[in-house]
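K.L.:
Each chain, letter by letter, is given below.
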Amino acid sequence: MTSGLLATSKAVRHSERKSAVSAHDSRAAWLFISPWLIGFAIFTAWPLIYSGYLSLTDYDVINAPNFVGLDNYRQLAADPKIAQSLGNTLYYTVIQVPLHVLVALGLALLLQRAGRASGFFRTAFFLPKMTPPVAIGIMLLLLFNGQSGVINGVLGWFGFQGPSWTTDPNWVKPGLILMSLWTVGSSVIIVLAALREVPDHLHDAAKIDGANSWQRLVRITIPMIGGTLFFLLIVNTIASFQTFTEAYTAYFGSGNTTYSNDAALFYAIYLFQQGFEYLHMGYASAMAWVLFAIIMAVTVVQLVLSKKFVFYLGGHR
Amino acid sequence: MRTAPLGRFAVTATVFALITTGCATGSGNSDSSAVAKAFGSTSAAPSGQLRVMGFGADDEIGSTRLALAKKALPGVTVSLVEGDLDIQAFLSAVAAGDPPELVYANRDQIGTFASRGAVLPLDACISSQGIAVDQIAKPAIAQVTFNKQVYAVPEFNMVQIVMANSDLLGKAGVQLSQLSGQDWPAITSATKKLTASSGGKLSVIGYDSKLPEFLPLWAHSNGADLLSADGRKAQLNDPKVVEALTFANGVYQAQGGFAKVKAYRDAADFFGKENQYATGTLGAMPMEQWYVNVLNEMSPKAPLAFTPFVGKDGKPVAFASGSAWAIPAGSKNAAAACTFIKTMTAVDSWMAAAKARADARAKDKLLFTGLLTGNKTADEKIRSTFVKPSGVKAWDDAVKATYLANDNTFSLPANPADAEFKTAWQDAVNRVLNGQQQPKPALDAAQQQAQAALDKAWAAWDAKK
Numbered sequence: 001m002t003s004g005l006l007a008t009s010k011a012v013r014h015s016e017r018k019s020a021v022s023a024h025d026s027r028a029a030w031l032f033i034s035p036w037l038i039g040f041a042i043f044t045a046w047p048l049i050y051s052g053y054l055s056l057t058d059y060d061v062i063n064a065p066n067f068v069g070l071d072n073y074r075q076l077a078a079d080p081k082i083a084q085s086l087g088n089t090l091y092y093t094v095i096q097v098p099l100h101v102l103v104a105l106g107l108a109l110l111l112q113r114a115g116r117a118s119g120f121f122r123t124a125f126f127l128p129k130m131t132p133p134v135a136i137g138i139m140l141l142l143l144f145n146g147q148s149g150v151i152n153g154v155l156g157w158f159g160f161q162g163p164s165w166t167t168d169p170n171w172v173k174p175g176l177i178l179m180s181l182w183t184v185g186s187s188v189i190i191v192l193a194a195l196r197e198v199p200d201h202l203h204d205a206a207k208i209d210g211a212n213s214w215q216r217l218v219r220i221t222i223p224m225i226g227g228t229l230f231f232l233l234i235v236n237t238i239a240s241f242q243t244f245t246e247a248y249t250a251y252f253g254s255g256n257t258t259y260s261n262d263a264a265l266f267y268a269i270y271l272f273q274q275g276f277e278y279l280h281m282g283y284a285s286a287m288a289w290v291l292f293a294i295i296m297a298v299t300v301v302q303l304v305l306s307k308k309f310v311f312y313l314g315g316h317r
Numbered sequence: 001m002r003t004a005p006l007g008r009f010a011v012t013a014t015v016f017a018l019i020t021t022g023c024a025t026g027s028g029n030s031d032s033s034a035v036a037k038a039f040g041s042t043s044a045a046p047s048g049q050l051r052v053m054g055f056g057a058d059d060e061i062g063s064t065r066l067a068l069a070k071k072a073l074p075g076v077t078v079s080l081v082e083g084d085l086d087i088q089a090f091l092s093a094v095a096a097g098d099p100p101e102l103v104y105a106n107r108d109q110i111g112t113f114a115s116r117g118a119v120l121p122l123d124a125c126i127s128s129q130g131i132a133v134d135q136i137a138k139p140a141i142a143q144v145t146f147n148k149q150v151y152a153v154p155e156f157n158m159v160q161i162v163m164a165n166s167d168l169l170g171k172a173g174v175q176l177s178q179l180s181g182q183d184w185p186a187i188t189s190a191t192k193k194l195t196a197s198s199g200g201k202l203s204v205i206g207y208d209s210k211l212p213e214f215l216p217l218w219a220h221s222n223g224a225d226l227l228s229a230d231g232r233k234a235q236l237n238d239p240k241v242v243e244a245l246t247f248a249n250g251v252y253q254a255q256g257g258f259a260k261v262k263a264y265r266d267a268a269d270f271f272g273k274e275n276q277y278a279t280g281t282l283g284a285m286p287m288e289q290w291y292v293n294v295l296n297e298m299s300p301k302a303p304l305a306f307t308p309f310v311g312k313d314g315k316p317v318a319f320a321s322g323s324a325w326a327i328p329a330g331s332k333n334a335a336a337a338c339t340f341i342k343t344m345t346a347v348d349s350w351m352a353a354a355k356a357r358a359d360a361r362a363k364d365k366l367l368f369t370g371l372l373t374g375n376k377t378a379d380e381k382i383r384s385t386f387v388k389p390s391g392v393k394a395w396d397d398a399v400k401a402t403y404l405a406n407d408n409t410f411s412l413p414a415n416p417a418d419a420e421f422k423t424a425w426q427d428a429v430n431r432v433l434n435g436q437q438q439p440k441p442a443l444d445a446a447q448q449q450a451q452a453a454l455d456k457a458w459a460a461w462d463a464k465k
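From first to last, the protein sequence lines stand for chains A and B.
Taking the UniProt record's numbering, the leading residue of the first sequence gets 1, the next gets one more, and so forth.
Taking the UniProt record's numbering, the leading residue of the second sequence gets 1, the next gets one more, and so forth.
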């Protein structure tokens with residue numbers, strides 16, 4: 001009985017001490033993350049909420065916002081440039097994202113076999129990522145120039161007459177998609193890191209069972225790095241929906257001050273024009289929320305599908 | 001691909017909104033008595049600071065006048081926020097009630113600023129300081145006059161003249177007068193003669209009609225303007241505008257299409273020694289007068305010929321553009337800003353600047369081709385004092401053509417939706433150039449788009465009054 005009471009008392013004291021330590025730790029934890037929390041509240045959460053309010057107003061940057069209800073959203077539905085810019089963005093996303101992941105995977109597989117030269121090639125692949133995006137936009141106009149560009153020059157060696165990449169509306173987006181591969185290096189490094197985590201014994205066992213390289217790639221390597229590929233898919237999808245700088249520079253900004261090509265009018269570019277060139281900040285806010293909803297919906301679909309197709313080592317995600 | 005900073009967009013929108021709703025002090029329509037009061041303290045010597053946004057004194061024309069303006073304001077600390085005007089930075093500063101004291105903008109931005117109450121009407125400034133606006137070219141004043149009030153003082157004038165390669169013209173048997181702009185079939189015919197291709201690629205651009213930027217010039221030379229004189233009615237699908245676009249686009253079609261011309265043009269060393277005239281790869285084009293200086297400096301021996309751009313009626317014509325000084329609403333030193341504007345745009349200041357430029361050109365053994373200030377009195381004095389015949393016909397013709405163009409300019413009036421209006425017609429031209437639409441449906445669509453933007457902006461302005 002006495003020993004039971006003692007044990008209970010010890011347990012209570014231990015629990016109180018643990019609770020006090022836990023509360024202390026908890027306070028410390030909150031203190032440590034408070035700079036980020038304050039920053040998040042001021043610079044992300046509040047602007048996000050406030051832009052929701054602005055989307056219900058007519059706001060020209062100078063004068064006070066004027067509440068207009070859902071007018072901006074109704075206008076969005078009737079604006080032909082919304083459909084056009086969304087169509088351009090979807091086209092870009094549907095082709096660019098899988099291509100980006102495939103090229104990253106292909107280059108990472110090559111790098112894995114590079115042996116001692118791997119370090120050099122890792123740097124070589126990553127370096128283009130350091131190029132400022134505005135410079136990439138200008139470079140696009142030079143590389144893809146229909147008359148004197150390198151791309152058409154190379155096509156010419158093989159007897160092909162290259163298209164007018166920078167003016168023909170049918171070729172503007174393919175040109176931008178190809179140019180986007182300039183910065184594939186960072187994804188290559190991520191995939192390479194994942195490839196190095198694939199246990200060798202799985203490949204060894206498959207080899208003993210007679211699996212060839214292709215079978216080992218499809219049945220072992222890709223499933224084992226599925227989580228990484230899925231991560232790239234999600235991140236690149238979001239980035240593609242928001243693609244802006246290179247296309248803006250090449251077709252709407254310093255690359256072409258008066259010439260533009262509406263085949264390159266991506267949603268984010270039109271949003272920028274509405275907000276910062278036409279000073280329709282309320283309308284631009286509504287556009288931003290629509291884009292947010294679209295990206296959220298696509299991401300949710302991808303997450304649901306991932307449960308079926310993506311394998312996580314150890315079952316954790 | 002890098003992405004749009006949507007997060008930053010949300011932050012920026014919120015900051016704009018908060019400063020507008022929470023702490024705006026200088027926005028909205030400034031009532032006339034307050035404006036007059038702001039410029040009224042001319043008896044006391046100006047003091048304090050004068051922050052100038054959008055102006056850089058990086059050549060002798062700017063630095064000479066800036067020195068004079070500082071001298072006229074001995075008690076004032078002048079600081080420059082250099083580079084092209086950042087509209088977002090400017091408007092957010094106005095909304096926050098802490099704008100720069102003075103702003104330097106493109107003339108076509110003034111209507112938008114005025115309609116939103118971002119800049120002050122300058123009638124009181126002009127009268128109190130005695131700024132001689134009657135000396136300024138009328139089309140330039142029209143660009144900064146919104147709702148019958150002057151909101152800025154213009155300076156500089158950019159005009160177009162025809163620049164040609166005389167060797168190519170000679171070889172093709174084309175007269176320069178054929179390319180002046182008066183006879184459109186003659187231009188098309190000459191273009192075909194001048195154009196050359198090799199292996200399916202252009203080797204000589206016969207004639208560059210400079211679309212989309214020069215559509216207003218081609219339309220005006222055909223007797224139509226893109227916008228009504230009061231700035232309220234878009235006239236983009238006027239049959240004469242459609243005809244102008246059809247012709248100017250046809251010039252490219254005669255050379256294999258715009259894509260080929262643009263690709264070749266984009267690959268050229270436009271500002272360098274290997275420019276299109278020096279390399280004999282361009283027959284002719286209408287171009288702004290400042291390019292004469294580039295050619296004179298980079299390729300003085302190139303076989304060049306110049307003539308004024310002429311409308312279908314046979315009269316010289318040029319589409320004027322330039323800069324302007326405006327005083328933001330809420331400027332804390334409007335009187336000093338007004339004195340600064342007066343000094344920068346005074347005839348004596350222009351003369352001093354022109355002398356500095358002429359001396360610098362002479363030192364570099366280069367030709368002084370004149371200076372288009374936007375002030376007609378200053379232009380005449382500069383021409384008679386500093387512009388001397390070079391003895392080379394081409395350069396003397398260039399100077400003559402420039403001054404003739406300067407005397408025959410037109411402009412588009414100030415309006416509250418200039419950016420959208422411009423986007424509407426330029427997008428239409430680009431759709432035609434890209435082969436996506438024919439001129440008529442493209443301009444019909446642009447007309448609807450532009451008129452809707454104008455109607456909305458004017459309605460907002462009318463509701464404020």
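Among the hints, erroneous ones may be present.
Computed cross-link-like contacts, DSS-like style, restricted to lysine-lysine with a CA-CA straight-line distance of at most 30 Å [to be verified]:
#, chain 1, residue 1, chain 2, residue 2
1, A, K81, B, K422
2, B, K376, B, K273
3, B, K148, B, K456
4, A, K81, B, K400
5, B, K210, B, K440
6, B, K240, A, K81
7, B, K273, A, K81
8, B, K171, B, K201
9, A, K81, B, K456
10, B, K440, A, K81
11, B, K315, B, K201
12, B, K233, B, K393
13, B, K393, B, K376
Residues on chain A that point at chain B, a partial pick, calculated with CB under 7 Å [what the hints assert, rightly or not]:
#, residue
14, A45
15, N145
16, Q147
17, N212
18, Q215
Chain A is nowhere near these chain B residues, computed Cβ spacing over 12 Å in every case [unchecked claim]:
#, residue
19, S92
20, V94
21, S115
22, K148
23, D418
24, A453
Simulated from the structure, these hints should not be mistaken for lab results.
From the three backbone atoms N, C-alpha and C, an ideal C-beta is built for every residue, glycine too.
K.L.:
Hints first: check each against the structure and report whether it holds.
P.N.:
For each hint, the structure was consulted:
no.: 1; hint: A:K81 with B:K422; result: holds, 16 Å
no.: 2; hint: B:K376 with B:K273; result: violated, 33 Å
no.: 3; hint: B:K148 with B:K456; result: holds, 20 Å
no.: 4; hint: A:K81 with B:K400; result: violated, 46 Å
no.: 5; hint: B:K210 with B:K440; result: holds, 19 Å
no.: 6; hint: B:K240 with A:K81; result: holds, 27 Å
no.: 7; hint: B:K273 with A:K81; result: violated, 42 Å
no.: 8; hint: B:K171 with B:K201; result: holds, 20 Å
no.: 9; hint: A:K81 with B:K456; result: holds, 18 Å
no.: 10; hint: B:K440 with A:K81; result: holds, 19 Å
no.: 11; hint: B:K315 with B:K201; result: violated, 36 Å
no.: 12; hint: B:K233 with B:K393; result: violated, 44 Å
no.: 13; hint: B:K393 with B:K376; result: holds, 25 Å
no.: 14; hint: A45; result: violated, 10 Å
no.: 15; hint: N145; result: holds, 5 Å
no.: 16; hint: Q147; result: holds, 4 Å
no.: 17; hint: N212; result: violated, 36 Å
no.: 18; hint: Q215; result: violated, 34 Å
no.: 19; hint: S92; result: violated, 7 Å
no.: 20; hint: V94; result: violated, 6 Å
no.: 21; hint: S115; result: violated, 9 Å
no.: 22; hint: K148; result: holds, 21 Å
no.: 23; hint: D418; result: violated, 10 Å
no.: 24; hint: A453; result: violated, 8 Å
Of the numbered hints listed earlier, those contradicted by the structure are 2, 4, 7, 11, 12, 14, 17, 18, 19, 20, 21, 23, 24.
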